[in-house]
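Sequence order for the protein chains is A and B.
Start counting the first sequence at -7; every next residue gets the next number (the numbering used here).
Start counting the second sequence at 2; every next residue gets the next number (the numbering used here).
Don't read these hints as lab results, they were simulated from the structure.
Quick caveat: nothing in here was measured; it's all calculated off a predicted structure.
Mixed in with the good hints there might be a few duds.
[To be verified] Heads up, simulated DSSO-like pairs for lysine-lysine below, C-alpha to C-alpha not over 30 Å straight-line:
| hint | chain 1 | residue 1 | chain 2 | residue 2 |
| --- | --- | --- | --- | --- |
| 1 | B | K262 | B | K281 |
| 2 | B | K117 | A | K33 |
| 3 | B | K262 | A | K101 |
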Amino acid sequence: MIRRVLYIASIAAMLVAILAGRQTTNAAVPAAAPAAGAEVKIDNFSFTPATLTVATGTQVTWTNRDDIPHTVVSDDKTIKSKALDTDETFTFTFTKPGTYSYFCSLHPKMKGTIVVQ
Amino acid sequence: MSEQGKKDEILHDHNHDGIDRRGFLKCMAWAGTGALCVINGGVLKSYSLSRLSEIGDKEAKGDLSFVQISDSHMGFNKPANPDVASTLKAAVDKINALPSQPQFMLHTGDISHLSKPEEFDNVEQILKSANPKTVFYVPGEHDVLNDEGAQYRQRFGQGSQGAGWHSFDQKGVHFIGLVNVMNLKAGGMGNLGAEQLAWIEKDVKHLSNSTPIVVFAHIPLWSVYPEWGWGTEDSAQALGYLKKFGSVTVLNGHIHQTMQKVEGNVTFHTAASTAFPQPKPGSAPSPGPLKVPDDQLRGLLGITDVNYVQRRHALAVIDSTLG
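Pulled out of the complex, with its shape left as it was, chain B reads as follows:
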C-alpha cells in the first residue's frame, strides 16, 4: 500500500460543483489497477481496489448491484491474447467471487471478434456459469459484420427496437441500451442516428427528474480520442435529452481500458476488455491490440461492478482486474 493509498478520501471542491478535479485525476491514474469511485451528495471519494476489504457495507453494497463486462472478442487468437475464452472464464470467476452478488450483467459489445455463430455460442456458454443469469447486451462493431446485425438481433435483441436499442427498469433505475456501431460515416466516429435519437427522447420523456439513468453503449459517448474514432458523432444530442435528470451514468467499452470523466450530472465510464488491452490514446501509431508480457495481461483486463444505493441516488463504479 503506497503512502498515497492510505488517505484516499478527497475533499477539495474549489469550483463548488461537487467535483474534485485533482482527486479525480488521482482516481483515473489508478484505473489500470482498479479503483472505486463513489460520488455521494456531490462529494467524490475514491479508493484503490486493494482497499476494497476496508470499505464499509454501505459503500460496497447497494439496493441494486450489477456487473459490466465488455469486449470479449471471442475468436481473437493473436499474440495479444491467444486464449480469450480463458480470460472470459476468469472474468466470470471474478464475478462469482464478488462479496455482494450482482443481479444481472451488462455486456457492452464486441461479444465476438468476427460475428461467427460459434463465437457467440461460446460466449453464451461461458456466461451461463456466472451467478447472475440475466445478461443485457448492446452490439459492438465486431458483432454486426457482414449482415447489418441480423444475427446479433436474433440472438440478443429480443424486445429491442431498430438496430437493437432498448430500455428497461430495475429497482427504480432506468437503463438505456444504445447502438452506436451501425451506418458509420467515412471520416466519422460512432453514430446513433436520427431514428434512435427520436426514440431516446420519447423513452425518457415521462420519467421523473429524480430517476437515476444508466446509459450503456459500445463506443464511448464522450470524445475520448476522436483521432482514433473514440467518440460518438451525435452523442451530445442524446445527452441533451438527459439533462433534466439528477444522476446519469454512461457505461461504454470499445477502448479496452478503464477511463472516467464527470461532466455536470453525467459520469462517464469505460470498462476494460476481457480479451486484450489497447494502447492509451495517442501512445501508439494505431489503436490495435497491445501485446504485453504474459504475466501482465490479466492485470490489464477486467470487469466493472456497479452498485446503486436508493436513498443516496448515486452509483458506485468499481473496476477490478483479472490479475
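Chain A with its partners taken away, still in its complex shape:
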C-alpha cells in the first residue's frame, strides 16, 4: 500500500513537472506522448490491479514480488511469459484495442484483465 501511494505520488509529481513545462532528464520523450508504461504487481498470488485500463501502444510490465514463480499467459495463449522468479519482470506492448484476459498458468486461480483503449 505504501508503495502504491509512493507510485501515485511519483506520477503526480511527474505530471506537475510536465504541466510546469520543466525539462525532465529524459528529453527524448515528447511531452505530448501517451504514458510510456503501466505496471501490474504480482503479490500474494494475485495481480494488482486486477483490471488495468491503458491507451493503445502502452507497454505493461508485470513484476513478481512473491517467493514463488508465476507466469502471465493470455487466455488465448497469444501472450505468454516465461516463469518469473522473485523480482523478475515481463513486459508486453499492447498495440491493438481490446480486452485481454490473462492468468498464471501455474496457479490458474490467478486472473487479470488488461483493457486497451
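For this one, chain A is given, so just place chain B on it according to the hints.
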C-alpha cells in the same frame, strides 16, 4: 505422551461403513506431528508417531514398503527455508533409518523450484544416498516450466506416455503415476485431460477387482481447497474408473502439509514437503511459503512411509517429520 495418545485405537463406526469419523478427525489433528493410520477390514486404527516403537511388526512391516517424498523445490532459497538441500538430505537420513527398508521411493513432484538442470541434478545426487535405489516420479508444475515438461520427461519419464504418465506393478499392487500440472485452464485447478483419462480407463480395465491400487500425482485428486486451486478439475472421472477396486490409495503433494480423507473405497493422502511448509487452507491471504521459527521448520517437513500387507489388502500410511 498425552492422555489422548495412550488410547489411540478407535472403534466407533456409527454408519457401519468402516470409518470412524470422530477418530479420523483425531488422526488428522495429529498430522502436523505425524500419524500412522491403518485401515484393516474396514476398521480404522490410528497411532501417534511417537508410539511407533510400540506398534507390532504386523502393522509396521508388510509385504511391500515404499516411501513417498514430495516438493523438494531444489533451488528455492527464500526465508521460509534458505537451505532446501539440507532438508532433503535430512529426509534421506530419515528414510535410511526406517526400521524396515522400503523397496523404492515415489517423488510426487516439484522436484525442482525453477526446472533448472542443476536443480534436477542436485536432487538426483542427494537421492543416490538413499538406501532404496529406485525412484518413480511424477512432475509438479515447477518441473515443467518453459518447456512443457520436455526436460522432465527426458530425465525421469523413461517408459512413460503423453505428458509423463505411467503405471507399474509391485508385489501385486498396481501403481498409477498421473500428470495433472499441464495445460491448466484460466480459473481452474489441476487437470488430467481427455487423453490421460482414456489411458487410465484402458490401464485398469483388465485388472481384477481385488488388486490394490495406488495412484500418485502432484496436485491433490480431491478438492482440498478449490479457492487456492488445491484440487483437480477432472479427478472424479479418473476415480470413476477405479470404483470397482476394493482398495484405492491416492498419494499427492503440492500443498506442503499432510492431510487425509477417506471416501468409500478410496483413501486420499497428501505428503509434507521436504522444503518448506504452506499455510492451512484459508488461514492466510495466499498459499505462499510459510515462514516459521527456525527451530520449528523441520517439524513441518517430512516423508511418508507406506506399508502393504498382502493378506490384509490394506495400506498403512505413516507420516514422519524431519524434526
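For each hint, the structure was consulted:
1. This hinted pair checks out: K262(B) and K281(B) have alpha carbons roughly 15 Å apart, not beyond 30 Å.
2. At roughly 25 Å between alpha-carbon atoms, K117(B) and K33(A) fall within 30 Å of each other, so this suggested pair holds.
3. Distance hint between K262(B) and K101(A) is fulfilled; the C-alpha atoms sit about 24 Å from each other, no more than 30 Å.
When held up to the earlier numbered hints, the structure conflicts with none and fits them all.
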